[in-house]
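Asker: From the two separate chains plus the hints, produce the assembled complex.
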Amino acid sequence: GEDVEQSLFLSVREGDSSVINCTYTDSSSTYLYWYKQEPGAGLQLLTYIFSNMDMKQDQRLTVLLNKKDKHLSLRIADTQTGDSAIYFCAETLSGGYNKLIFGAGTRLAVHP
Amino acid sequence: EAGVTQSPTHLIKTRGQQATLRCSPISGHTSVYWYQQALGLGLQFLLWYDEGEERNRGNFPPRFSGRQFPNYSSELNVNALELEDSALYLCASRAGGELFFGEGSRLTVL
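Taken in sequence, the protein lines are chains A and B. If you want the numbering used here, it's the 1-based position in the first sequence plus 708. If you want the numbering used here, it's the 1-based position in the second sequence plus 16.
Next comes chain B alone, as it looks inside the complex (with noise of 0.2 Å):
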């Protein structure tokens, strides 16, 4: 089975450009986390999707934003990027107790 895919693996965007991430759960699952892990820090939460709803997001300014698609599969999309958004950003697709991540996409802006 697969799991939880994300792309593209590695993206290099400068400042004022936009980003668009993307994931696919593990097939099944209907929910979507995305997660930001900056260097240095732990994991923020950024957004959780269910049933093609935003059901809750971290304190995140609102040019951070997604949604989730028919076939559950996931984008976040980040405007007027800024240097700190550099980041490994996280999805993960959820099955009752347990949160399955994918590799990652490595956003660097320049």
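With the rest of the complex left out, here is chain A (with noise of 0.2 Å):
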């Protein structure tokens, strides 16, 4: 089936790391998204990884990728007040569907 999950609220102070996870049902996913999404606007893409990958860094950003698990995470290092919005993990499927299956999104909250 096709499912994303992920914990709805996340809390943290600024300059502590975040960490945000998922968890898909798809085992057949072929890249997996993180995607933001600040108040009223759309969706920016901020990263995304390939299946056959397992971390994969950009500046303070690293996701980590467990297949087995069928788990992924999204590490903020230094984690600012711009930081504050809603994160959406999402899968890509294989076998030619190909559209994005987004989680219910997790909303960062960063206080000082």
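Just so you know, the hints here were simulated from the structure itself, not pulled from any lab data. There's no promise every hint is true.
[Claimed, not checked] For the chain B half of the interface with chain A, some residues (derived, Cβ under 8 Å), not all of them:
#: 1; residue: Leu57
#: 2; residue: Gly58
#: 3; residue: Leu59
#: 4; residue: Trp64
#: 5; residue: Asn72
#: 6; residue: Phe76
#: 7; residue: Phe80
#: 8; residue: Glu91
#: 9; residue: Glu114
#: 10; residue: Leu115
#: 11; residue: Phe116
#: 12; residue: Gly118
Quick caveat, the model's predicted, so the values are computed rather than measured. Glycine included, every Cβ here is placed at the ideal spot set by N, Cα and C.
Answerer: This is the structure we're talking about:
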């Protein structure tokens, strides 16, 4: 089946690291994504990882993929108030469906 | 380079009316995707168009329809509007493994 699950809320102190977790069910997923949505705005692609990778780092962002457990995480180092937003995990299916399945989103709140 | 553009930004309709939303993909992108983001819910896949053809649709009733034009822009039509159709409708275009989203059209049904 198609299902992506995320915790709904995360609160961190400014300067700490944030870790947002996601689990997915389709083992045939080819790409896994993290998107950011700020209030009143569309979705901004943060990063994505191919299913044959287990880690990807891009400046303050680190994505870890555990294919065995179908678990994806996004770590934001030195979290800033500007990182406050909703973060969506998404998977794309193989087999020609070519669509993204999104989680419900994790609201990250950064406090001083 | 211009990103994905959507219009209108906001649209207010009454129950039973029809709504038309428009999307222009990034230049050179041939695939357009439509998603619905209802309040408090995640993104639900609506439709995928590529090269002018509907390639896939999500679990939505037939009153949600659309088309893609020869210039790859797309239109989403929602007929017989219901209150629960109130949502942010997001369009995206694709290049390789990356999906780029527009800012969305917020539809309010009264």
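Asker: With 8 Å as the cut and Cβ atoms as the points, is Phe116/B at the interface with chain A?
Answerer: Where the cut-off is 8 Å and the nearest Cβ of chain A is about 7 Å from Phe116/B, the hint holds.
Asker: Per the CB criterion, is Trp64/B less than 8 Å away from chain A?
Answerer: 6 Å, holds
Asker: Go through the hint on Phe76/B and say holds or violated, using the shortest Cβ distance to chain A against 8 Å.
Answerer: 13 Å, violated
Asker: Would you settle whether the hint for Leu59/B is holds or violated, based on the nearest Cβ-Cβ distance to chain A being less than 8 Å?
Answerer: 4 Å, holds
Asker: Quick one, is the Asn72/B hint okay against chain A at 8 Å, beta carbons?
Answerer: 6 Å, holds
Asker: Min Cβ distance, Leu115/B to chain A: is it shorter than 8 Å?
Answerer: 6 Å, holds
Asker: For the restraint on Gly58/B, tell me whether the closest CB of chain A is nearer than 8 Å.
Answerer: 4 Å, holds
Asker: Is the shortest C-beta separation between Gly118/B and chain A less than 8 Å?
Answerer: Given a least distance of 5 Å, the restraint on Gly118/B holds.
Asker: Is the hint on Leu57/B kept, meaning its closest Cβ partner in chain A is under 8 Å away?
Answerer: Holds, because the Cβ-Cβ distance from Leu57/B to chain A comes to roughly 7 Å (cut-off 8 Å).
Asker: Using Cβ atoms only, decide whether Glu114/B comes closer than 8 Å to chain A, and label the hint accordingly.
Answerer: 6 Å, holds
Asker: Please verify that hint: Phe80/B, Cβ, nearest Cβ of chain A, below 8 Å or not.
Answerer: Constraint on Phe80/B not satisfied, violated at 15 Å.
Asker: At a threshold of 8 Å, is the proposed contact between Glu91/B and chain A supported by beta-carbon distances?
Answerer: Violated - the Cβ of Glu91/B stays beyond 8 Å from chain A, reaching only about 18 Å at its closest.
In the structure shown, a violation is registered for the earlier hints numbered 6, 7 and 8, in ascending order.
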